Amino acid sequence: MRMKTGVIAASLLLSAFVAVPSAARSEDSPDDSTSVWDAIEVDGDSLEVSGDQDTAAAGGEEERAGPWISRLKPDIKAFIKTDSRAYKMGSASRMSWATGGNWNFSSSLVIEKKNYRNQDIEELTESFSNTATNALPGVYSLSINAGETYTKKKTFGFGRFGKDLIFENERISARMLVSKPLISGAATQISVSAGAMKGLNDFKYDRKASGGLGGFVRFKPAQKLSIGGGVGISGMVESSSVENIVFGGMPSQADTVRLRLEYGEGQKKPFEVKYDKRAGKERKVEPPRGNSQEILDDPEAANREEITRLSEKTEMRSYIEPISDLSLDVSFSHEVNTDEYLENTSLSRGSEKTVLKAAASYNYAKDGNVKVTLSKSENKSESGANPASSYSEGQDIISAQMSQKISETVMLRARGALSLRQRFYKYKNLNPRDADYPRLWGEVNLSSKPFPRIKADVGFNAERYEVINISSTVSGDNRVDYLYKLRPSINIRAAHWVTVEQNLEIKMEYTDFLYGEDRNTLDRTISMNTRGSFRAFNTLSVSIEHRYTLRDNGSYLMREGERRYGRLGENKKNKMYLSLRYDPIRDLSLGVVSQFMFEEKNRLSAGEVTSSAEYESGGIKYQVKRKRKIGDFGDIELDINYVRNYGPYVSKERKEYWEVDSSMNVRF
Amino acid sequence: MRNVVFTGLMIVVALCIAGCILDPRDPEESGGGEPDCWVTPDRNPKDVFLNIQCGLKSIGNSSYERSLHPDFVYIPRLQDVALFPEGRFDGWTKEVEMGVLERIKGDYQGSRSIRFGDENGIFDEESWEGEKAEYEGDYMMVLYPGGSAQPDTIKGRARFKVESHSKGYMLKEWEDIDISGNYPTSGYLRGSKRETD
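As given, the protein sequences belong to chains A and B, one line each in that order. Just so we're aligned: the first sequence equals residues 0 to 667 in numbering that gives the first Met the number 0. Just so we're aligned: the second sequence equals residues 0 to 196 in numbering that gives the first Met the number 0.
There is no bait here: all hints are sound.
Calculated cross-link-like contacts (lysine-lysine; reagent style BS3-like; alpha-carbon spacing at most 30 Å):
#: 1; chain 1: A; residue 1: K574; chain 2: A; residue 2: K624
#: 2; chain 1: B; residue 1: K131; chain 2: A; residue 2: K506
#: 3; chain 1: A; residue 1: K113; chain 2: B; residue 2: K160
#: 4; chain 1: A; residue 1: K312; chain 2: A; residue 2: K280
#: 5; chain 1: A; residue 1: K506; chain 2: B; residue 2: K160
#: 6; chain 1: A; residue 1: K600; chain 2: B; residue 2: K93
#: 7; chain 1: A; residue 1: K651; chain 2: B; residue 2: K160
#: 8; chain 1: B; residue 1: K160; chain 2: A; residue 2: K654
#: 9; chain 1: A; residue 1: K151; chain 2: A; residue 2: K651
The set of hints was computed from the structure by calculation and includes no laboratory data. None of the values given here were measured: they were computed from a predicted structure.
Next comes chain A alone, as it looks inside the complex:
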């Protein structure tokens, strides 16, 4: 770790009595290596032909008025977070400076350390970044960035056997985007970028240099007609060292083409066509089968991989309103994607997808609308590893939705769909085999407010999903899943200080096997939640909730010519929640949340209980929340919770622990 020691020391010193927030850089991105696929992409879709661009001067000059010191904005944050699994602490210091002349400088240093409670793992993440930007809106923007990131994960007793997992990279990049119209009557964007980076990425040390050039032009030959097109090219040269083995001169390149044709105005146009193509070759060093441990043991196992990629997409869309209250929306898309790996051919793949969709929406009344959508798609998938799993799949969907306002206080919404997905495998005599998946579902919701303080809703869902394996070798698994759900609920706000609500849900699910009916199952669930919220004083609120669930399951077999349900098990749960919150002063909150659950599980045979088990579990959480401002300079936030849980299978770590989420933010 070779980051500037003084800066780190200063930051650590600040974080020592600070506490606080979020990292500028995600902890989840140890490898910030660039890919040639991050190629030049000029945002042609948002490019508008307008005469205002020449005069679109920077609007931030007023903000830059005043002495230089007032334009220097340091911001220091630190945080501590703990829960039952891990504890984290860290700091982030940022500084931004608008120097005038359209220049902005910013610098950030983020440090975060994470330790796990029940494992001997330590993660340390640091990032140091400096950015300079100069932008004149509508004319140009220049961005220069230099920085360093460092991530170390130290593990003991896991797969790496105590070896550190380190990612450490230094990078510098610059990008210039020119939006000033270069041709009369057209809007243009030209982008030039260049960058370099080097660093350790787990098992290898990489050096990369990259660059790109792209442009987009949009014309408006007629009032409603717009034509645009753009191209981009990017390249990268990379060399990697694995121990003493050097993989040098690995060039990668990618090209992009974008075309646009639009007729009409607004978001939904009578006609628009888009075409995007990206093609290129990527070369890099990869661990065999994704496990770098193997390379650390044997550096010669590293693969020099070459991947040829192609991605092509065509989209067409038409939106028209032939008569008032009726709109038609038709779209078509065709997409091709292929990845070909030279070494690890098992990763090679290809797919081709075509989708045709048509929707009609009609306002049949002032407060009523119906929409019908038809969709047809075909997807071909090729697997480079084994052609046995290559297939084509067709899917047809018909869906409809409707909404109707019955009165000022009653609203009805309904929607549903019918679909069929059919899969055709290339080789019919191998598994997996051809299959069809028909699905039908519907949902109706009625919401009402019969009295000013009472809301009453009811919802109903029904679904039928079938799996039809065509071959006799697997058709024994053919089945139909049914689901029915009824959901009435009521909410009463009796007074400004009391609210009572109750939700009931009755759900029935059953699975019907076509050829193996002895496997048929039926599951029923009834749950009822009742909740009351009371605000005794301005500072004290209480909430009580009870949840009851009864679930039983069993067989659903054909006996003597009719379906009969045989209960095999039942599960009853009662859960109680009590929440108390007291706010004695502004920005201070004290709270207690407790929960208790009693569960009974029974095995049944011929309606009789053959075995029974009972469980009790619960917990309590004490909360203190405090937020305090430090003048105009910042604030301190504390959220401290003490948690105790009990139950027969609660792990040691979760029986008793502290949850802390506190932060301090100082601005100058």
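Fit chain B to the known structure of chain A by using the hints.
Structure of chain B alone, referenced to chain A:
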């Protein structure tokens, strides 16, 4: 009146099209098939792992599918994410997982097995609080392509979250957290088998 005609027309057209194009194929009569290895997971969350083992081994997918929670997600290791094109692990739903399972079964026509925890099915960390349970430990898959080809072994360490649902306990989250020896993880297997749009 015109409104009623239009609305009715739209519904009639939709229904006609439904009848015309949504015509599933007839299956062949079942040749017998495999014995059922489904355990109703209503008492012990760890029964989910028995059903997943059964679902991977079986040529049918019902046991595996019924073991996954409707909101199932898979979370890969960052190192596995870095190996594949951007977005390969995005939106990993139950549907995506079932697609990957189908592809695994296509590519490995021989026997398929998976072990969770140690040889006795015991995880290093186990916690069960009412409707939710969490397990952390090793897993190992052995997949035979068929014929005389050598099997592929997939190993790793993962955190599993199991949650009670209307059909009993179901696997809600599989998070790979580390490798285990010189073997690819399930993230590598899943990433290489997922369909791309």
